[in-house]
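Enquirer: The task is simple: from the sequences and hints, build the whole structure.
Protein chains in written order, with this note's numbering: chain E, 1 to 325; chain Z, 1 to 528.
Where hints are given, some of them may not hold.
Straight-line Cα separation of at most 30 angstroms, BS3-like style, residue types lysine-lysine; simulated pairs [said to hold, decoys possible]:
1) Z:435 / Z:242
2) Z:192 / Z:129
3) E:190 / E:4
4) E:120 / Z:100
5) Z:318 / E:234
6) Z:100 / E:234
7) Z:242 / Z:259
8) Z:382 / Z:475
9) Z:238 / Z:250
If you only want the chain Z side, here are some residues facing chain E, beta carbon under 8 angstroms, derived [unchecked claim]:
10) 55
11) 56
12) 61
13) 64
14) 78
15) 92
16) 95
17) 96
The set of hints was computed from the structure by calculation and includes no laboratory data.
Glycine residues also receive a C-beta, built at the ideal position from the N, C-alpha and C atoms.
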Amino acid sequence: MAYKELYACGFNAWNQLNFTTGINWAQPPRNERVFHSIVQHPDIEFVYASISAVLIRKGPDLLIAGHPDAFLTLIQSRRLQNCRHHIAIAGNGKVAAIGLDGSNSIINTYGSLNEYQINKPQTSVRVPTIKRIVANRTAFHALTSTGDVVSWGDLRFEALLGREPIEEYPGSHPSVVDDLAALPTGPIRKITSQGFMTAAITEGNDLYVWGEQPKPELRTGNGNGKGKENAQLKLFEELTGVPSAVDVLGYDVLDAAIGEGYALVLTTEGRLFVIGDNINCQLGLPEITHAAEWIEVIPSLQRGQRITAVWAGYKNSFLLVEQLF
Amino acid sequence: MMSPVSNVENPRPGSGEEELISHCLNSFCNPEQLEALQQEPEPGPNFDQSLRPCGDAILQLLLVLCKGAQDQKLPHNYIIERLDDLLEIANEKFYAFPFKEVPFCWRELFRCASFLKISVLAMESTWGKTQDLLEASQNCESPALFQILDEIVVDEVVRIIDMALIMAGPPTLHETRVSIDRVFDLLQKILKASSLNSGSSDASNNVPSPPSKRRKINVASSDDRFPMLSSFSPPILKPILKFETLSLGKFEDQILHPKDENLGSEPVIIQNCLDFWPARNERPWSSPSYLLSKTIGGRRLVPVELGRSYVDEGWGQKIISFKEFLDEYMLNDPKISDAGVGYLAQHNLFSQIPALRNDIAIPDFCYASCPPPHHSSPLAAKHSELPQLEDPLLNAWFGPAGTISPLHTDPYHNILAQVVGKKYVRLYAPRESEKLYPRDIEDGGVDMSNTSTLDIGVLAGWDGIVEEKEDAHEKFPLAFEADYVECILNEGECLYIPLGWWHYVRSLSSSFSVSFWFNGSEKVEEDL
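Expert: Quick look at the structure:
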């Protein structure tokens, strides 16, 4: 198996980017300003991040760095090892998961993690077979095995659903996002979501986004001038309640990751482009606090290495780097 | 930074700064509570548990930062950076829930991190040696070692506290509210000392000048009044009953025993009940310079509604400094200004700036026994579910001529006190509700059933073009049959708006009103 490395940068208040040593509060960790290798192993992947911790898979092991919350600890537990992509927690604490019996054609939505643990779903809806569930601040999305996207969540942020709730398909019930069916470059093969935004990649490597622009108020509360100048910056012009194709400088999109107010895109040529908030250096750009347009990031890789996947945690970012020759 | 000139009459330079730092250390940088929260088993009932649901990770970081503010062994910029991160985390939660459902712990975290941050900002120039300096100063060894606080830092401190008060709400602990008021008193003192030391007695020295503004308003000159010209004065065809004075007993009688049982209690105007308010006398709210003096030279932040009316397209809200609000929206002619209409509307200014609360008094009428929601109101059932208020709810309404509150009802009885300027008010009884085309649950699940679809300005022919009025005739035929009463509420008058009555309010000049919501019902009497 080819040699692999996990690269990371960004928010590191709880030392969650460090899998070798624990936290020393006498010398508290600073944010990691550029992408650098944090774990090396022939078989690794990023799994999940909470505000204060990061969970990765290294061979057969699920490892945590930082200070895990209850949700991350649950995913790490053996019970969920085989279906960790089938559960997600939203910013408002609601949890969505496939049926507890492992039936991935039922989606249960719970008011909280506690309600999940005692299996008291608020809603239980039959759906086509689910490959993956993701969550953002107030909405959930699920990708079906046939490449459809299903969305549901809080109606106050209707744009996050990517579809118009109607009586037959209310916003609170998992229902298909029609605008993503029958796209020119085929069905959806991946979804990624965080903050107020969700993105989908088609089989033909096009990127679609929907949601709301980051709230301007999110920056005004945060003083010291830091980030204040970004108050009105939009993430994508294309970002509305209707899924729209995003042009990443004409490139085909191999992988993408949506973070809290930022996005990473990996092109089929293996080039990395980023956009959005960089206050915690989550884009790996040490000189700026915000990228208003796509900027290419070139991490210092070894000879023969190539980026093959990207992920976004909570204001931190991860790259899978493979040795190709 | 101006250099202080020592002057016998002036307070020792830096003494206000010293007091501020010492006060902040004592009030906002005490790790005891946080330490107790992380102990197992849970600490006793004396400890405030409200932060606990934020989770251990956040509590641990907050504790590190709090201790860091005390012992100052960590870099200053590290602490500020992580406090900003915590503020962001709390702020993100504010947008994850409907406003009223935001878990309390996130509001508390926002306040804690904000108050810790202003403490750390105040100590920047003495970082690493603050405690030693305080000690030395107390022993009178070496006075005047505290650097004068830069005005930019004063601005920042005010901004951080006000964002916390507005976004997260006022602290629940009385002790903390008192501590915050003390910070504002000390900032006022620091600014006063710095203007004295700079050799200038000009009051406007205390006023920050916002960058790149079109013109600076010289508050000291001119006649220190808001523009009082009213653009237009609608004729009053269906006047509201007016009393020069009214006793509480007679007021109760009016509202509990209406003339017309089918109509319920009716609006009344009481003309002379605000005569003794300081706000209309020696502490005049009609004076921009007085209001600036109560807001740290206009530095305090206020939430402002932008746009003509909350149902209009493009309506929005922003939080700006009081000075900016005066400059942009109150003292500028809206016809020349491109800022549009700004309205400090439905804001509990008095819990945020208690000094202004002392300028007014709660009218006795708010303690009257009042009737339950009238049966003719379609919202009666909803309104009767509301719990009884212990004290009236106060809100400030401060804006230029031309602000509009569209036709709506409130879930409480209301005394609207007109402190400065005048307003047109039109009222429809609850039994007219059907003719007023109440809105529905709108996009995003917001219940708008307390707001009418009608634009009274268009109906009356004051706004829009003739075609729009004709259009309204066609779309809302019943509206023109609905019975109403109306008034021009003048400075010094109070209007009683019974629970459930629809009202349309439009300022005819610069205007400052206070609304008092109350719902003390007859039951209180029966219990006795």
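Enquirer: The structure should be examined with respect to each hint, and the outcome stated for every one.
Expert: Hints and how they fare:
no.: 1; hint: Z:435 / Z:242; in the structure: holds (27 angstroms)
no.: 2; hint: Z:192 / Z:129; in the structure: holds (26 angstroms)
no.: 3; hint: E:190 / E:4; in the structure: holds (22 angstroms)
no.: 4; hint: E:120 / Z:100; in the structure: holds (24 angstroms)
no.: 5; hint: Z:318 / E:234; in the structure: holds (18 angstroms)
no.: 6; hint: Z:100 / E:234; in the structure: holds (28 angstroms)
no.: 7; hint: Z:242 / Z:259; in the structure: holds (15 angstroms)
no.: 8; hint: Z:382 / Z:475; in the structure: holds (28 angstroms)
no.: 9; hint: Z:238 / Z:250; in the structure: holds (23 angstroms)
no.: 10; hint: 55; in the structure: holds (6 angstroms)
no.: 11; hint: 56; in the structure: holds (7 angstroms)
no.: 12; hint: 61; in the structure: holds (6 angstroms)
no.: 13; hint: 64; in the structure: holds (5 angstroms)
no.: 14; hint: 78; in the structure: holds (7 angstroms)
no.: 15; hint: 92; in the structure: holds (6 angstroms)
no.: 16; hint: 95; in the structure: holds (6 angstroms)
no.: 17; hint: 96; in the structure: holds (4 angstroms)
When held up to the earlier numbered hints, the structure conflicts with none and fits them all.
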